[in-house]
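The two chains are supplied separately, each in an independent frame; assemble them into the complex guided by the hints.
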Amino acid sequence: MFGNWHQGKILNQLASEEKALNDSGAGHPLNNLSKPSKSTNVESSTLVMSSISVGPSWWQMMLGGWKNFFGGRIESYDKMLSYGRRKVLHDMRVQALQQGFDEIINVRVETSMVTKKATGNDKTAGYEFIAYGTAIKYVRS
Amino acid sequence: MSQGMHLSNTETIPGKLITASYGLVQGSTVRAKNAFKDFGAGLKNMVGGELKAYTELLQESRNEALQRMMMDAQSRGANAIVNVRFATSAVSGGAAELFAYGTAVTVQ
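From first to last, the protein sequence lines stand for chains A and B.
Counting from 1, one number per residue, gives the positions in the first sequence under the numbering used here.
Counting from 1, one number per residue, gives the positions in the second sequence under the numbering used here.
Heads up, some of the hints might be wrong.
[Claimed, not checked] Simulated DEER-style distance windows between Cβ atoms: (1) A/D78 with B/E97: 24 to 34 Å; (2) A/F70 with B/Y22: 49 to 59 Å; (3) B/E60 with A/Q13: 34 to 44 Å.
No lab work stands behind these hints, which were simulated from the structure alone.
Computed from a predicted structure; not experimentally measured.
Just so it is clear, CB atoms sit at the ideal spot from N, CA and C, and this is done for glycine as well.
One chain only, chain B, in its complex shape (with noise of 0.2 Å):
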């Protein structure tokens, strides 16, 4: 996490006095999963469960999504992002895409 960026999923950050809003800004990565740990999740589907190679990978690339958010932010003068909302989809075969977005702000 960049240091001094408040985030929030609430309308404002709480205990802080928003001044200026600089409109929606997000941040995406695509990530394909690893041949070779996907045939070890592959395995462990054999008897379900939960699946540490995808949780691992989805993880790292949430952050990323949300460092990415944090750049655009910064890049604007905000030092807050509220509302943020997460959105997963699956774009073809093994490929997931991570999406951050939310409104970036300056708080007193």
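Only chain A is shown next, with the shape it has when bound in the complex (with noise of 0.2 Å):
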């Protein structure tokens, strides 16, 4: 279907674009630890974080909803989703190496529902992704 292909474009760009960071060189400056690991010498630390809203498309939750009468898993949600997630850390990782940080830790990401409805079947559906972390400069030496 349409949207399947659409999806699919932009997962494929995604890929590249991640795949273009690793071929320069860039680091992965994302951890989830709880304290800085490289020194202890902080010059200046920040709260950052990144975020995207994504839907399935009519024909995928028409799917899932068949899918869902079987039990099983549920392709058609997997590819939204993991583009979601996948693109705020790509954001967050990109954010930290053109705003010069040496790292970010203690990253978290979390997912929410945004558009549930308590009576009716709303035609929108929508899942939020949010990480956040600790951006870190450290002193230069």
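Rendered as structure tokens:
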């Protein structure tokens, strides 16, 4: 379906951005340790975050509904949810590299559903991903 | 972001010493999505993918929750907030509550 094609396209785009970043020799500054790992000589620190909301297509929602009846893995949602999660982490890494942070510690990723209606069937479905952490700059020796 | 306020989601401000603690501070905001934007997001939902209208709305609201938390901390005389956490919940059809909380402290 068209939605699948569109999502495949943005996933491929993200994959190539990630690959370009890796090939350029950029480091991986994100970790979820609770203390700065490389040195104790910290110049400054600040809270950084990145977020995105994504939604599956109507077609996928319908397929998902069907699958729910039989149980099992819902492949149609996989693509969108993994896209959202990878995207926030990628954005955060880009942010760290651009702003010259040495690392981002204690990174958390949270997921929440943003469009849930108490009654009736809502035609929109959205999931929000937010990643946040503490960005660190070390004192240059 | 308000000036001079250190924020961190770790238990200390890296490289600084905590001298006093003022307890839990919080900030929250409930935002409903705009009907027009919702319509746009509904259309976008046909193909799936990023829902930009929601992304922006939530970022804006989260910043507001952070601001309120910082105001709370400032009113207690703190200059930093450690162990900041975010929580989001859908309170009713089309509205979301964004909540930020942390511990207000003074660092040297």
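Among all the numbered hints in the text so far, which are the ones the structure does not match?
3
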